[in-house]
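Protein chains: 4
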Amino acid sequence: MSTTRKRLAEILQPYRIRDKASNYVDVFLISLIFLNVLDVIMESVSEFHSAYETQLLWFEVFSIAVFSVEYLLRIWTCVDLDAHDTRPHWRQRLAYFFSPMALIDLLAILPFFLSLFISIDLRFLRVLRILRIFKLTRYSTAMQLILNVFREEQNSFIAAFSMLLTLLIIAASGIYLIEHDVQPDEFGSIPQAMWWAMATLTTVGYGDVTPITNGGKFFGGLITIISMGMVALPTGILASGFNVQMHRREQKFNILLKDILRDGIVTDQEWSDLEVLRKELDLNAEEAEMLIQLSEAKKIQLQDCPHCGSILHPSRRSEDK
Amino acid sequence: MSTTRKRLAEILQPYRIRDKASNYVDVFLISLIFLNVLDVIMESVSEFHSAYETQLLWFEVFSIAVFSVEYLLRIWTCVDLDAHDTRPHWRQRLAYFFSPMALIDLLAILPFFLSLFISIDLRFLRVLRILRIFKLTRYSTAMQLILNVFREEQNSFIAAFSMLLTLLIIAASGIYLIEHDVQPDEFGSIPQAMWWAMATLTTVGYGDVTPITNGGKFFGGLITIISMGMVALPTGILASGFNVQMHRREQKFNILLKDILRDGIVTDQEWSDLEVLRKELDLNAEEAEMLIQLSEAKKIQLQDCPHCGSILHPSRRSEDK
Amino acid sequence: MSTTRKRLAEILQPYRIRDKASNYVDVFLISLIFLNVLDVIMESVSEFHSAYETQLLWFEVFSIAVFSVEYLLRIWTCVDLDAHDTRPHWRQRLAYFFSPMALIDLLAILPFFLSLFISIDLRFLRVLRILRIFKLTRYSTAMQLILNVFREEQNSFIAAFSMLLTLLIIAASGIYLIEHDVQPDEFGSIPQAMWWAMATLTTVGYGDVTPITNGGKFFGGLITIISMGMVALPTGILASGFNVQMHRREQKFNILLKDILRDGIVTDQEWSDLEVLRKELDLNAEEAEMLIQLSEAKKIQLQDCPHCGSILHPSRRSEDK
Amino acid sequence: MSTTRKRLAEILQPYRIRDKASNYVDVFLISLIFLNVLDVIMESVSEFHSAYETQLLWFEVFSIAVFSVEYLLRIWTCVDLDAHDTRPHWRQRLAYFFSPMALIDLLAILPFFLSLFISIDLRFLRVLRILRIFKLTRYSTAMQLILNVFREEQNSFIAAFSMLLTLLIIAASGIYLIEHDVQPDEFGSIPQAMWWAMATLTTVGYGDVTPITNGGKFFGGLITIISMGMVALPTGILASGFNVQMHRREQKFNILLKDILRDGIVTDQEWSDLEVLRKELDLNAEEAEMLIQLSEAKKIQLQDCPHCGSILHPSRRSEDK
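Listed in order, the protein sequences are those of chains A, B, C and D. Its first residue numbered 1, the first sequence is counted upward by one per residue in the working numbering. Its first residue numbered 1, the second sequence is counted upward by one per residue in the working numbering. Its first residue numbered 1, the third sequence is counted upward by one per residue in the working numbering. Its first residue numbered 1, the fourth sequence is counted upward by one per residue in the working numbering.
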């Protein structure tokens, strides 16, 4: 029983390089996700929908069946994911149940079952199935890096968002005061004026609603200029966030490197550890080599004794004694 | 008297972790600020306004009363904020009165009292109450970081703004010369043409006013391309500003770290100092650990004596003598 | 034969500084590329096309002839490009044939010959000739740097693109659900709603199609705000990518520098090697000088002996013994 | 004669801190420039122009007179700007004549004199007077920093611009092929389609011209997504450029710092040199202090002798001998 569960957990996990079963399951699930997204999109085209109604329904049922089985298996096998986790099984399963990935999985299948029990039409909820795309993040380190940056900089993003919100309210209030007498249909209330404020402060600028009085154009121009700063804010935060991540990956590599170089002997095991870390950190080979060269250079320089003039190669230290 | 004032100053200050009274006051004031912003927005919706006129008035009076008392208490207790400030009390209060935060607080309550004494309708000034939102910056280190970046890079922003202004004038003058004969209503004067110039140079691009002659489209296209550089300017400044802040926080941490590691013994007190600084700088725990590891590695490497080959651990130094 | 081929290979390669023949060929080919692009653009202007029909045809024939000869010569001589390549000639030529540059060259001439053999009108394929512009990247290190950044960060770009795609689908689905009853012509299906979603999420914001219901405007406003993050993503990735490239160039320079300074004697040969590397890396002269100064400073500091207090200049080391 | 010229050169130069005459001249000239810009803008408003015609003319004549005298004096005194310049005076004046600043000065006054001699109306050239604003860059280090970044990264900007140009041509050609049959008025030729391409690739997005066919919308959507990359390019270049500048300023400071700390004694003169450099580099005081602390820490660490355990303070070194 426990062995079957363990094997299933392995198969459901991505990235098992030489595990054929796991790879087949991965490819199958990804394809099914993509086909489902395509299905949701195409179903909205009425000609297509009426032409293939039966086929679409069967595909729907098949997908939900597969995803439901997958979901249940993941809940069941999640206790084998972390061997060091000593909590009771039900607590591990509960924790997994509330993890974002599992919730997305649930949201992808729930609307179908809800539509069986509730008479009101919840068909539009099926669009949430698109969130299955996020399952793919399991397969991409670059996407995880981006999500990491968003997560680490979330305080800054929240702060930037509240500044945007403040400015939105000020912009909407200002344009409402100036324009609501002249254009009562477009700027009749602050919530209504918000549509213009959002289009302007994000530099989208639809132009379906614009101020027409001189005062409104002057105020609108001011908001237009402030919008440059607003757009710059998330970009600046992200750019800095990416820099920090890159820097940190180099530092991690450097720490291991220093550790390895300390005893003066670089064993084959240590070299392969370094290579594994390099790949894990998604560090460019050229980058890594340069870090090694710079580090080695420093090391040898430090061992270049100013008193005897000899260069102490790490491996020669024992002979010196 | 002075003890009451001191206690009140403590309560009104945010961030007193184990001070229940202070926390309740904080939550109450923040909620009231948010409700007031909501009030200003909803009052502009005429159906809502006429339906709840009396309630809104009473909420208005209540809010102003609370904020007025808060404002007066802050002015009174501000002399206890900095124990090292030896200036006479009236000068400290005057300085606090003209601080940006105190001015925003004043602007939030003043329009109400003005409307009591002056007969002309200053109701629109009530929208300034929205600025109370900025009080919240007291509660967010991330927002203070963003404001810091804006403040430190203000020279660059002013320079970027004057370049934008120059380009605005050139763009408006150019399009005026080319288009004012064909579209006298839209480009009748340079100030009028400024509306198009602002929408274009900030890449908002409403499209309510666009050049129609070939010459105008050619010139407009040029401005369009220049706009990419204009939008890039504040973003580049901000991105670099965030990098500098991050770098500086790491350096601050490194300075304390070096100081601590110098004598070779890291006491428990020093470790907790480090942790306090880390939280103050909003440094990621992982980040901090890496800085420590890198620093320690360097330290030990330096103590790796080239003469005897032994590694001198900091704590063993006294034995060596 | 082989000597002629070698000489031709040299002539066709860019950047042979003192090779007059090569330079003339370069200038001629670049001019012809530019004239061809201009030709494609001007041919679309019907007055111009009818006025100069014969001339344009002859120019067309002449250009194709030149580019065909150039293409064949490049295929023939490509085996001399890399003297260390020991693969048989046909394999080298095959590899060159499928290189992006060679494919662009082929795409630029193929449509003309196809139009001779196939009766259907493939004239519109001539527009692909514009891709000849990319040949110019051979002449610009700055453009190669930009392409490098794009290539190295391609994983991040793919990840950012899939996030954009996900959001596009969610935005289009959402607005379709909300607006397709009210505006069946604009938001009649998800693929149709995609046009609005793309214009909004990229902050282009044409405004030809906009939501008109309150719900649609609320959802549209949300998407509008998310668009700021979407636009920030590629910018942040690129900004960080450029930083990494700059940092790496400095590191490369530092590695050579350390190597040179290690033995304490900087020969004239080493100085000129350094200068060659500096130009290759497109490093500012000021930048390079600072790197040297910083490096030297460090070196001398290390040689400042704490035991005797004397400063050991590299060249004096041998005398000390 | 030469003394008068020298004094005049001093007066015309900005930034002479304790030179009252120079400061008065600066303020006067800056005010006049601003008033002239305002004059050009206001003259375009027809009501204003007709109301103050005479006054505007006299102001015009007065300004041109002042700027002409200033221009001639600058040409005359420029030989005193650089005492080390040994070229003959006429060559120095010629070089100054062709410097960008001098050309802008000339362009600002030339149109007026031209209108006296040539009968055709060159009044529109007066708008060039706005370029006088760029004179102000003499007074702002932040603006000079920005211009520096633009100058140093100009190769990257040119490369980015040629990529934009290539994409513009491809986008315009593509949309022309797809849409010119359906919308012959908007997309009748590639140059005409360029207007849409420019508005789209720069994310301005006027929306006055948009594709209406399904194919056109698909292609337009692709261009829309590519536009995000195009907008990211100059921003990324600028962000990296600002980082480099900041880094370089720190390095410059570090070089002087290391030089000063080398001999172990920091004289008062050296401290004030450091302060002068800090201000010149526009380095934050906090930043500078941290650089000093980090540098000192390193220095002392190096002098912390591992054999005797004593910390060798720089000033105690002589006693040790």
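The hints are simulated quantities; they were obtained by calculation from the structure and are not laboratory data. All of these numbers come straight from a predicted model, not from anything done at the bench. Just so you know, not all the hints are guaranteed correct.
[What the hints assert, rightly or not] Straight line, CA to CA, 30 Å or less: simulated BS3-like cross-link-like pairs of lysine-lysine:
(1) C:LYS6 / A:LYS252
(2) B:LYS6 / B:LYS258
(3) D:LYS252 / D:LYS279
(4) B:LYS20 / A:LYS258
(5) B:LYS279 / B:LYS258
(6) D:LYS279 / D:LYS6
(7) C:LYS6 / B:LYS252
(8) D:LYS20 / C:LYS279
(9) B:LYS6 / A:LYS258
(10) D:LYS20 / D:LYS279
(11) B:LYS258 / B:LYS20
(12) D:LYS20 / C:LYS258
(13) A:LYS258 / A:LYS279
(14) A:LYS279 / A:LYS252
(15) C:LYS20 / A:LYS279
(16) A:LYS6 / A:LYS20
(17) B:LYS252 / D:LYS6
(18) C:LYS20 / A:LYS258
(19) D:LYS279 / A:LYS252
(20) D:LYS6 / D:LYS20
(21) D:LYS252 / A:LYS258
The hints, checked one at a time:
As the CA atoms of LYS6 of chain C and LYS252 of chain A are separated by approximately 48 Å, the hinted pair breaks the 30 Å bound. For a cut-off of 30 Å, the pair hint linking LYS6 of chain B to LYS258 of chain B is broken: about 38 Å separates their Cα positions. Between LYS252 of chain D and LYS279 of chain D the CA atoms are separated by roughly 12 Å; this keeps the pair inside 30 Å, and the hint holds. For the given pair, LYS20 of chain B sits about 48 Å from LYS258 of chain A by alpha-carbon distance, which is inconsistent with the 30 Å threshold.
The hinted pair formed by LYS279 of chain B and LYS258 of chain B meets the criterion: a straight-line CA distance of about 18 Å does not exceed 30 Å. Among the hinted pairs, LYS279 of chain D with LYS6 of chain D is consistent with the structure: their alpha-carbon atoms are about 27 Å apart, no more than 30 Å. A distance of roughly 60 Å separates the Cα atoms of LYS6 of chain C and LYS252 of chain B; the hinted pair therefore is violated under the 30 Å criterion. Simply put, LYS20 of chain D and LYS279 of chain C have alpha-carbon atoms about 47 Å apart, too far for the 30 Å limit, and the pair is violated.
Taking the CA atoms of LYS6 of chain B and LYS258 of chain A, the gap is about 53 Å. The hint is violated against a cut of 30 Å. Of the pairs offered as hints, the one joining LYS20 of chain D and LYS279 of chain D holds, with about 22 Å between alpha carbons and a cut-off of 30 Å not exceeded. Distance restraint check for LYS258 of chain B and LYS20 of chain B: the Cα-Cα separation of roughly 38 Å exceeds the 30 Å cut-off, and the hinted pair is therefore not satisfied. At most 30 Å may separate the alpha-carbon atoms for a hinted pair to count; LYS20 of chain D and LYS258 of chain C exceed this at roughly 52 Å.
Distance check on the hinted pair: LYS258 of chain A and LYS279 of chain A sit about 18 Å apart at the alpha-carbon level, within 30 Å; holds. Between LYS279 of chain A and LYS252 of chain A the alpha-carbon distance is near 12 Å, which keeps this suggested pair within the 30 Å criterion. A threshold of 30 Å between alpha carbons decides the hint, and for LYS20 of chain C with LYS279 of chain A the separation of about 47 Å lies outside it, so the pair is violated. Between the alpha carbons of LYS6 of chain A and LYS20 of chain A the distance comes to roughly 16 Å, so the proposed pair stays at or under 30 Å and holds.
Between the alpha carbons of LYS252 of chain B and LYS6 of chain D the distance comes to roughly 48 Å, so the proposed pair goes past 30 Å and is violated. Between LYS20 of chain C and LYS258 of chain A the CA atoms are separated by roughly 52 Å; this puts the pair beyond 30 Å, and the hint is violated. Straight-line distance between C-alpha atoms of LYS279 of chain D and LYS252 of chain A comes to about 36 Å, which puts the hinted pair past the 30 Å bound. Of the pairs offered as hints, the one joining LYS6 of chain D and LYS20 of chain D holds, with about 16 Å between alpha carbons and a cut-off of 30 Å not exceeded.
Taking the CA atoms of LYS252 of chain D and LYS258 of chain A, the gap is about 29 Å. The hint holds against a cut of 30 Å.
Comparing the model with each earlier hint shows violations of hints 1, 2, 4, 7, 8, 9, 11, 12, 15, 17, 18, 19; every other hint is respected.
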